[in-house]
Amino acid sequence: MTKKFPWGQFDKVTFERGICIRRHKTGGWFYVNSENAMSVSDPNTVSSNFGVRPVLAEGSNQNAKVSFLLPATKGRLLEIYRSELKLLKPLKFVMGSMLYHCSALARLYAEACTGFVEPSMGEMANEGAPSRDPENKVATRSEAPFYEFETLITKIILGYETIKYPIWQKYQSGKETPRNFSDTIKMCQFPPAIEKRIVSSNQNCYLPAKKFRHCIQHHFDTGSSSWCLFEKKYQLLWLFMARLPDNPEEKSAEALMFNQELDALTLAWEYVTDFFALTDIIVGKGILSSAG
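Residue numbers (our numbering): 3 to 294.
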């Protein structure tokens, strides 16, 4: 993706972990989340240097602001799916809501990094100057990313509960639609390749999303500094991470583990990408084209 990315069409690109680059009026690029406005010699190197993918691209088109969510794996810009597919109104709405909230979460990450580096070389305005360990990692009590993540993950779950109707109509009509997505696909008859793809979405996106939503709603430790983290990288560049637990099914907040360093933006963005590709299979051409 990085070699073919149309940099010339955009003025601002936000990557995973809140890395954000903007274009100078002169045409060059610089890191927004750097303490010294470090320049970017080649935008294509951002992904390889930091192991992140571009999430959100923004620019102007005929004096109008435009923004596009990129796919986390392969496929088209996510807005293209929604504009080209023939969608029922409820499905079109929920997909639009996913786009909105995923974009908002990406911007929130970038704003968190920018707000961190702006005042007095990284001094956090709302918490004073936090102590920084030798690894340049700073815990923060930020709650906003989880409010946005919970809303987005709820819309993703709603998307699956909405797409079960066209799935049922296409692969098992004539009876009342089951109560949820998992039950629906258990009772349908799919071609083998389609079945494998839908089961994958169920196991790797829908069911985990429900676990994370329950965990955030019931076990998120409001006020704790263990969930969010700023990390300093190459030449004063600060990254942000809203961490998710490895074991969201646990009933106790004390039992939650964070060893895998799961990130809220990355995980939710991958779920949205998967859902849009699945929608393309169900209501589009019905082939495993952009879904992977």
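It should be emphasised that the hints constitute simulated quantities derived from the structure, not laboratory data.
Everything numeric in this text was worked out from a predicted model, so none of it was measured.
Cβ atoms here follow ideal geometry from the backbone N, Cα and C, with glycine treated the same way.
It cannot be assumed that every hint is accurate.
Pairs of lysine to any residue residues, derived as SDA-like cross-links and limited to a Cα-Cα distance of at most 20 Å, are as follows [as the list claims (entries may be wrong)]:
1) K88 / V34
2) K76 / A59
3) K94 / V285
Computed beta-carbon distance windows for the label pairs [unchecked claim]:
4) N206 / N63: 40 to 46 Å
5) N206 / S227: 29 to 35 Å
6) D223 / I82: 36 to 42 Å
7) I82 / S62: 41 to 47 Å
Quick rundown of the hints versus the structure:
no.	hint	verdict
1	K88 / V34	violated (38 Å)
2	K76 / A59	holds (16 Å)
3	K94 / V285	holds (11 Å)
4	N206 / N63: 40 to 46 Å	violated (35 Å)
5	N206 / S227: 29 to 35 Å	holds (30 Å)
6	D223 / I82: 36 to 42 Å	holds (39 Å)
7	I82 / S62: 41 to 47 Å	violated (19 Å)
Taken one by one, the earlier hints fail for this structure at numbers 1, 4, 7, listed in ascending order.
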